[in-house]
Amino acid sequence: MTERGTILITGAGRRVGLHVAHSLLRDGFGVIAHYRSESDGVAALRAAGATAIQADLTRSEELRRLLATVTGKDEPLRGIIHNASLFETTREDVDEALAQYERFVAVHMRAPWLINTILAPLLAGENDDPADIIHITDIFADNPNPAFDLYCSTKAGLQNLTLSFAKRLAPRVKVNAIQPGPVLFKDTHTAAARERVLEETLLGREGGAEAIYRAVKALLDNPYITGASLPVDGGRRLAQRV
Amino acid sequence: MQDTTALLDGKTALVTGGARRIGARIARLLHAEGMNLVLHYHRSVHEAEALRDELEGMRPNSVALVQADLLDTARLPALAESAHAVWGRLDVLVNNASTFYPTPVGEITEAVWDDLLGTNLKAPLFLSQATAPLLAEHHGCIVNLIDIHAVRPLKGYPVYSAAKAGLYMLTQSLARELGPRVRVNGVAPGAILWPEQSENAAMHEALIERTALKREGSPDDVARAVLFLVRDAGYITGHILPVDGGRMLSH
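From first to last, the protein sequence lines are chains S and H.
Under our numbering, the residues of the first sequence are numbered 3 to 244, in order.
Under our numbering, the residues of the second sequence are numbered 939 to 1189, in order.
Be a bit skeptical, because a hint or two may be false.
Restraint-style ranges between C-beta atoms, simulated for each label pair [stated by the list, open to error]:
#1 S:Thr-190 x H:Ala-1140: 55 to 61 Å
#2 H:Pro-1042 x S:Asp-151: 46 to 52 Å
#3 S:Phe-187 x H:Ser-1156: 37 to 43 Å
#4 H:Pro-1071 x S:Ala-50: 41 to 47 Å
#5 S:Leu-100 x H:Pro-1071: 52 to 58 Å
#6 H:Tyr-1039 x S:Arg-170: 33 to 39 Å
Treat the hints as calculated values from the structure; they're not laboratory data.
Just so it is clear, the structure is predicted and the values come from calculations on it, not from any experiment.
Note that CB positions come from ideal geometry on N, CA and C, so glycine has one too.
Here chain H stands alone, though its shape is the one from the complex:
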């Protein structure tokens, strides 16, 4: 007895923020499954080109790059159309692009609000809206990269935490709006890749100590969860899967 999930060979995924870090790992895994990729990047042009060249070396004509500032909402419908146009179909949207930095109360400006809400909530909504009819053509799906801090606030990051909480609800809401033709799910990573800005080692250790599995996760763990939601979760929609080593257990 097989359900309706099919192999991914020849299908197309649009991955935002796909040039680096977790986005790049997701892109690699979907590509390894035979998918064609439209990789969105904002500033990481060198990383994006290097990743495209590497993946095209394995399979020619399988990766297209698209540069965009996702805060430019008016551009998003064109971004969706152009992603669809490359191979004439769009099956998967991965909303991965994100900004992340502290916003101590007392110093919050409208500019950081617009930026953090813009990348983590507004862009995923408008990109989902623009791609939904295209995804519906082939029973496609959306996967949003959320964060365990969507449900447990990260100290010092109220704006980021609220933006991810918005994306959490948007995932459930859009599952309701776009079903049954389009499934919408999320992955909520815990401590996966330590931010590049140097932070102190003691904080890092304390965080690992609060994680039930007593270690940091890898981008592979997140990418595998995304692949599951895309390929093997034909009966799952509106769910946010934590990939956090059990950190939610510690609170």
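Chain S on its own, in the form it takes in the complex:
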């Protein structure tokens, strides 16, 4: 265990999760990095000192195995960051959409609920120095895009769980949500789509993964913020016309 404590982060194999995991290591935290698929990013995290654990969070037995591995270490945790996420438009075929819904519920709601519930006793918080749980949700949790209705509604579920866990685990643990906007486009975003999205922000640019890490760090460093939502969206939620 490191001086600053160990943080479990899900979905750490790529993109924002990978950046946050590396940044935590750099800043002196120990990191348990959950990932779904092996990648160069996961290998680099291991090389940098992270404990990497593979699991497909849609599979109960793999989620249970992840939890058993973490509890088996019998070490206190400084925090948990729920970053794992599935981002897809809703399928047109109803049966496919239902299967998709089960995966979204599993990753965005069921896994965070179970992980928080099982690991809460390991969180090393005290009244004056509480531990942290951070849910990475989405600005769409408050204002959905109907083409992504399944995704948005399960992110709204995670947003709501933030408040339940903030109540349940106080005063020993702070629980907050970070709501990303257009932080890191996917390769599948066309140039036109990117431009359209950025026009909907007030700051006119992509945020970058570091913007999320800074928000994570601010929450870890502030002992008096709990039950809060922090949108990191360049002001997009305010720029949308009503």
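On the provided structure of chain S, position chain H as indicated by the hints.
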């Protein structure tokens, strides 16, 4: 991958009501980050001078004082210009100055309305308007000190609560008006510093009981949130960050 937020060394912040209490704590933290300060005060001349002397003892030529009654709206453009003139730049405006007292319905006068709306809403607007072109020169930002009672009314304080609600919306509105060159955010403290007027201990305890984290916050917690919004929140605008120990959860 770094975003566009930069270190604060050599940048300038104007902090209203910066001589005492939370304002002074914010000023100290920004100063410790290397910022030069223009500290506004109204009546607290001794506290302001003592804070300036202390901070200048650590770093000479880093703090300037400016006295003003913020209700004197006509003076605010000159206040903005003079804050800019000290070091030739202005990067951050912290609208912290505030008046706070009960206004029971039936006894509300136009004078208390003018005072509470004046300090908590009108002055932040006109000071933001006056500083906006100066802040825009260096991609600066504004941080407004709001209150969780902007969204949940404080019993006995309807005028104050409405003024802070106005400042809450003004924060979002100005984010829209001043982006992308100037970011505008707020901090909404809960129970941080018990007002100096003595209130009864039972009320204080009841308030702590309604706070999820079961304790009072410190001015440091608020100052740290302000520093985050100034230094590390280059992709956040129009947001009001509650620093309330989870008090909003209890309603």
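Check your understanding: Which of the listed hints are broken here?
Key -> none
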